[in-house]
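Taken in order, these protein sequences are the chains called Z and W. For the first sequence, counting from 1, position 350 maps to 350 in my numbering; every step adds exactly one. Count along the second sequence starting at 1, add 1000, and that's the number in my numbering.
In short, the hints are calculated from the structure, not lab data. Because the structure is a prediction, the values reported are computed rather than measured. Heads up, a few of these hints could be off.
[Claimed, not checked] Chain W stretches covered by chain Z per the calculated footprint, using a threshold of three residues with CB under 8 Å from any CB of chain Z:
1. 1049-1057
2. 1075-1083
3. 1209-1220
4. 1327-1334
[To be verified] Chain Z is nowhere near these chain W residues, computed Cβ spacing over 12 Å in every case:
5. 1061
6. 1070
7. 1094
8. 1139
9. 1165
10. 1233
11. 1269
12. 1303
13. 1316
14. 1319
15. 1323
[Stated by the list, open to error] Pairwise CB distance ranges (calculated):
16. 1285(W) to 118(Z): 35 to 43 Å
17. 1166(W) to 364(Z): 38 to 46 Å
18. 1307(W) to 226(Z): 39 to 47 Å
Glycine is no exception: its CB is placed at the ideal position from the N, C-alpha and C atoms.
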Amino acid sequence: MNLSRRSLLKAMGLGTAALLSPQILRAAALPHVVVVGGGFAGATAAKYLKMWGGLGVEVTLIEPNTTYVSPILSNLVLNHQKTTDDLSFNYVNHSTQYAVNMVHDLVSSIDSVNQTIALQGGSSIAYDRLILAPGIDFIDIPGLDSTKIPHAWKAGEQTNLLKAQIDAMTDGDHFVMTIPAAPYRCPPGPYERACVVADYLKNTKGYVNCQVTVLDANANITVETAMFQAQFTGYGIRYRPNSVVQSVDSDARSVTFSENGGAAQTLTADTLNVIPNQKAGQIIFDAGLNSGNWAPINPLSYESTLKSNIHIIGDSQATGQPKAGHIGNSEAKVCADAVLRSLQNLAPDPAPKTNSACYSPVSSTQASWLTAVYEYNASTQQMQLVPNAGYPAAEEPSTGNYRDMFNWSGNLFADTFA
Amino acid sequence: MTIRRPFMLTSLAAALLLAGCGGSGSSTSSTSVATTATITGTVPGTLIEAFCTDGSYYSTHSDSSDANSDKHPFSLEIPASVNCHLVMTTNEGEPNEIITPISIELDGVISGLMYTKAGFELELGHVPLKMDLADIVDMNGDGVVDEPMVIIPERFDGTTVVEVEEGLDRLDSDNDGIPNVYDDDDDNDGTPDVDESDDNDRDDDGVDDRYDSDDDNDGIKDDDDDDDDNDGETDSKDDDYDDDNDTSSNTSTNYTPVSAYTVTTGRLLAAQCAMCHGTNGNSTNGWDSIAGESARETIEEMQEFKSGGEDEPIMEAQAHGYSDAEIEALAGWLATQSSSEGED
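With these hints in hand, go ahead and build the complete structure from the sequences.
Dropping the structure here:
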């Protein structure tokens, strides 16, 4: 469908109207872009589609919840520096400021041939372009019941459940957490959590006899390695790399794992925080958009390499970019721009850039950060770190960084939800 | 057949009274809208209403002081570049009241949904509304004409008639040209709306209260309305309802609706600064806003960061990620953005 050509023909046939007013805007059935998922990536995409596409595009955001709780900063709920209310956002600005159609429902199926999606509420919505931002799902671990053993890796109830369990600890209790194999959401997040909890137990509660153990499926701390190693040493955190979780007893709060490929061993905790391995949101698998655990896309447009007119942004997509809110927001803009261009039959920007930045608290007063810029490599057709720039760049914890963390998150939250 | 009275008609007088008593503080109807457009014309009737997609409501009465004419002039201010439906009423409040939704025909396209750009006037000319119930088609006798009246405006610079797929016009769910607020059967399923009432949409305009900037269609935006559900109980004392759309009351949006997508050099690159420096370069906190700085200033700063000359390691790291040409492009675009601060 070529809108401008169609309206031109109309104007020629009905010359009087056009002659009366040469600057009249055309009337046209608007192209419809549907965004599924209202996290950092999806909410940013919906906002920017309307901010840049304005009255020339109809945008619908489908998200089951009316409130979004940010995982970013949510480790600060565990040490009482923030509440989940502080980290809660809604979609009123999307609706009233940007005229995004808000639909609070779940997608039950996608018909990529007829370009329609069915909602659990019973209705069906047609799309010209579909953008999926479903975040992550967890890979099952035998015996794991997350209502008893929280992952707290999607913020909200889970965060408060883990907070309550930590608050119930007494001196001498044992906090055990498990870190999933990469790639997982928010690379520094688990290490950050171990530090924040250790600091809270030791320095806020004064529990000098509490023990914190980290079972990491990875061979080493995946980011800011030297910094986190120094923190772990300072807090006396027991760090056990190459520890792969095999099963969990959710009532006994025990985890069975293999360390360095050795025989199964079991560790019992007073508070057990199991963050399972991760994969793309279920909708990606249901719609046949996955290759392995993630959704392959073209980084120029984030369009699926498996099905046309469906784009995947944020944690579910398969590029090597980190899975995190800041860069999800960044990817969403590249995608929104490319989608709007494609509706005008224009090619996407040939050299998009994205960036990641993350402040990580390591106590109730100090934070570190890391950042990187990614570029498109036309020969590999992949995003890569900008070469020779020393990425990822990182910095030591400081109280100045802790203060800056709230400026960073404040503008990131506003750029996504306000 | 139950005649569902539109909520705002029964409550309009009360709302005006409240506003007159200072119940709303400062605002009456559309004063909080920064940019507006105007719809003018003449009608034999009295009430002209606009229902807009953000849930807002605007109304005016025509000037009927010339009793010898059936062409009573009106002028209605509506928000610019926001999709709205128009509805006109004759014999308002009388037993023979007739409610006529309006569709606009432009460029061969007919729709009840339209918008007008800021500063433009949509001149409808004379709208020959019916005065006699015998002259209208109204199968269910609810006083609302069954088909919208189609008007070809006299002047329509800056106005666009908007066609959307069925289901995408939340003000008119079944796309029949009769806005939900006057449609006895919003979804055309044969079940009257009175049996399908939506507790989350108090004014039945199709915009969920959560996203409705005027929940009771009394013409007073919720942010300025002390009685959001128009039950006579002020919100502070009202146990049953208070929706101030709180998050929107303190936002200073930089959003200006654009009519069509244009590729703008530097915009996509500059958007990658927004996570830390705010949408369109306007920071919401103590971190620097970068909107409205001269391109030269931004370029010089970025080059200083790149050289390590500033003690700003995170910006030094970021600056290394962009080529000189990219820095020039994003700086050039940011220079075109209005700054929410007094100066840079």
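To see whether the hints hold, each was checked on the structure:
1. 1049-1057: holds (count 3)
2. 1075-1083: holds (count 3)
3. 1209-1220: holds (count 3)
4. 1327-1334: violated (count 0)
5. 1061: At roughly 27 Å from the nearest Cβ of chain Z, residue 1061(W) sits farther out than 12 Å, so the non-interface label holds.
6. 1070: holds, 26 Å
7. 1094: Holds, because the least Cβ-Cβ distance between residue 1094(W) and chain Z comes to about 36 Å, which exceeds 12 Å.
8. 1139: holds, 27 Å
9. 1165: violated, 6 Å
10. 1233: Holds, because the least Cβ-Cβ distance between residue 1233(W) and chain Z comes to about 23 Å, which exceeds 12 Å.
11. 1269: violated, 6 Å
12. 1303: Non-interface label stands for residue 1303(W): nearest chain Z Cβ at 15 Å, farther than 12 Å.
13. 1316: violated, 8 Å
14. 1319: violated, 9 Å
15. 1323: violated, 9 Å
16. 1285(W) to 118(Z): 35 to 43 Å: holds, 42 Å
17. 1166(W) to 364(Z): 38 to 46 Å: The hinted range 38 to 46 Å is violated for residue 1166(W) and residue 364(Z), with Cβ atoms some 54 Å apart.
18. 1307(W) to 226(Z): 39 to 47 Å: violated, 26 Å
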